[in-house]
Structures are given as C-alpha cells and as structure tokens.
Amino acid sequence: MKRSHIILLLIIFASIAVVIGTLHNSSTYSDFATAKNNKTQTFQIIGKLDKNKEIKYDSTLTNLSLSFFLTDNKKNECKVIYYGNKPNDFAKLDQVVVTGKMNDSVFIASEMLFKCPSKYQRGNEKLKQNFQK
Numbered sequence: 001m002k003r004s005h006i007i008l009l010l011i012i013f014a015s016i017a018v019v020i021g022t023l024h025n026s027s028t029y030s031d032f033a034t035a036k037n038n039k040t041q042t043f044q045i046i047g048k049l050d051k052n053k054e055i056k057y058d059s060t061l062t063n064l065s066l067s068f069f070l071t072d073n074k075k076n077e078c079k080v081i082y083y084g085n086k087p088n089d090f091a092k093l094d095q096v097v098v099t100g101k102m103n104d105s106v107f108i109a110s111e112m113l114f115k116c117p118s119k120y121q122r123g124n125e126k127l128k129q130n131f132q133k
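Numbering (this note's numbering), first residue to last: 1 to 133.
These aren't lab readings, by the way, just hints derived from the structure by calculation. We put the CB at the ideal spot given by N, CA and C, even for glycine. Hints are supplied without guarantee of correctness; some may be wrong.
[As the list claims (entries may be wrong)] List of simulated lysine-lysine pairs, PhoX-like, C-alpha gap at most 20 Å:
hint	residue 1	residue 2
1	K56	K86
2	K53	K92
3	K51	K79
4	K51	K2
5	K115	K48
6	K36	K101
7	K48	K74
8	K36	K74
9	K101	K75
10	K36	K51
11	K79	K101
12	K115	K75
13	K92	K39
14	K115	K86
15	K115	K92
16	K79	K115
17	K53	K39
18	K74	K39
19	K79	K36
20	K53	K75
21	K115	K51
22	K48	K79
23	K39	K101
24	K86	K48
25	K75	K48
26	K101	K48
27	K115	K74
28	K48	K92
29	K79	K53
[To be verified] Beta-carbon label-pair distances, calculated as ranges:
hint	residue 1	residue 2	range
30	T42	E77	15 to 25 Å
31	V106	T62	14 to 24 Å
32	F13	K51	49 to 59 Å
33	T40	K92	29 to 39 Å
34	N73	I12	13 to 23 Å
35	N76	I12	42 to 52 Å
36	L10	Y57	47 to 57 Å
37	A33	I55	18 to 28 Å
38	I6	S59	51 to 61 Å
39	S65	Q44	14 to 24 Å
40	T62	V97	20 to 30 Å
Please construct the entire structure, taking both the sequences and the accompanying hints into account.
Structure follows, in structure tokens:
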C-alpha cells in the first residue's frame, strides 16, 4: 500500500471516530428516576423550579452552594444542589436545566442553564400575531 493510501485511511477512521464520539456524547433531557438508577452517569434534566419549597443559598467563601427543588417533565421532584454563584432573580425563573449526577436522593448539578421567564414568552405571542397579519 502506498503511503498516501495509509494516510487517507487513517483520516477516514479518525473522522468516523469523531462522528461516533459526538453522537454518543450528544445528550437529551432525562428525568430524575433515570438518574437515580444510573448514579455514575451524567444527566441533563429540565424541570420547573418549585417556588413553594425552600431555596437556600450559602454564600460563605469556602462553600458557595445553592439548593432548591426541581420537578422534571415526568413530575418527579428532587432536591438539587449547585456549587456556584446564585443567579440574579433565581426565584423568578420558570424552568431550569441542570447537568450533573445523583448522589443518594440529591442531584448534584455541575452546570445550570435557565429558561427565560414567562414574561418574555408573552411578548413572543404578540410578535407571532403581528407576523401572521
């Protein structure tokens, strides 16, 4: 085999490996029940912030932590702990996306993303109505 053929084959195999790796790591939203059954895996869970339960923020220098309760799309509720800064107006958020792992009955979030509050969604309805005219 020519050297150019070997290099071409290596490039093709590397490309296939990258595609397979990307497909394997692409995550969809899961739920707390699945995360409880697979405690070693990392999950991305979208849920509604339970504003009726305690939202606790510890802002000591040694321990920045935020704990709250989240209800996933399958109506499973779980306590979530996030080690990091509390976002402004956190209690006003409607939906939160957390990425992390289960630890006993608590979900430890390594990342948090926020869905816009509903006041922004109402504005989109007006835009949609104007667009349809």
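Outcome of the hint check:
1. K56 x K86: Cα-Cα ~10 Å, so holds.
2. K53 x K92: holds, 13 Å
3. K51 x K79: holds, 12 Å
4. K51 x K2: At roughly 67 Å apart (the allowed maximum being 20 Å), K2 and K51 break the hint.
5. K115 x K48: holds, 10 Å
6. K36 x K101: Measuring from Cα to Cα gives roughly 9 Å; hence the hint holds.
7. K48 x K74: holds, 11 Å
8. K36 x K74: holds, 14 Å
9. K101 x K75: The given pair, whose Cα atoms are some 18 Å apart, holds under the 20 Å limit.
10. K36 x K51: Since the Cα atoms of K36 and K51 sit roughly 23 Å apart, the hinted pair is violated (cutoff 20 Å).
11. K79 x K101: This hinted pair holds, its Cα atoms lying about 12 Å apart.
12. K115 x K75: holds, 18 Å
13. K92 x K39: violated, 30 Å
14. K115 x K86: Answer holds: K115 to K86 is near 15 Å, not above 20 Å.
15. K115 x K92: holds, 11 Å
16. K79 x K115: holds, 19 Å
17. K53 x K39: Between K53 and K39 the Cα gap is close to 25 Å, so the pair fails against 20 Å, i.e. violated.
18. K74 x K39: holds, 18 Å
19. K79 x K36: holds, 12 Å
20. K53 x K75: Within the cut-off at roughly 15 Å; holds.
21. K115 x K51: holds, 15 Å
22. K48 x K79: holds, 12 Å
23. K39 x K101: holds, 6 Å
24. K86 x K48: holds, 17 Å
25. K75 x K48: holds, 9 Å
26. K101 x K48: holds, 18 Å
27. K115 x K74: The hint holds at about 18 Å.
28. K48 x K92: holds, 11 Å
29. K79 x K53: OK: K79 and K53 at ~10 Å, within 20 Å.
30. T42 x E77: 15 to 25 Å: holds, 20 Å
31. V106 x T62: 14 to 24 Å: holds, 20 Å
32. F13 x K51: 49 to 59 Å: holds, 52 Å
33. T40 x K92: 29 to 39 Å: Given about 34 Å between the Cβ atoms, the range holds.
34. N73 x I12: 13 to 23 Å: For I12 against N73, whose Cβ atoms are near 40 Å apart, the range 13 to 23 Å is violated.
35. N76 x I12: 42 to 52 Å: holds, 44 Å
36. L10 x Y57: 47 to 57 Å: holds, 51 Å
37. A33 x I55: 18 to 28 Å: holds, 23 Å
38. I6 x S59: 51 to 61 Å: Once the Cβ atoms are compared, 58 Å apart, the range 51 to 61 Å for S59 and I6 holds.
39. S65 x Q44: 14 to 24 Å: Since the Cβ atoms of S65 and Q44 sit about 20 Å apart, the hinted range of 14 to 24 Å holds.
40. T62 x V97: 20 to 30 Å: Holds, at about 27 Å.
In this structure, the earlier hints numbered 4, 10, 13, 17 and 34 are contradicted, and the remaining ones agree with it.
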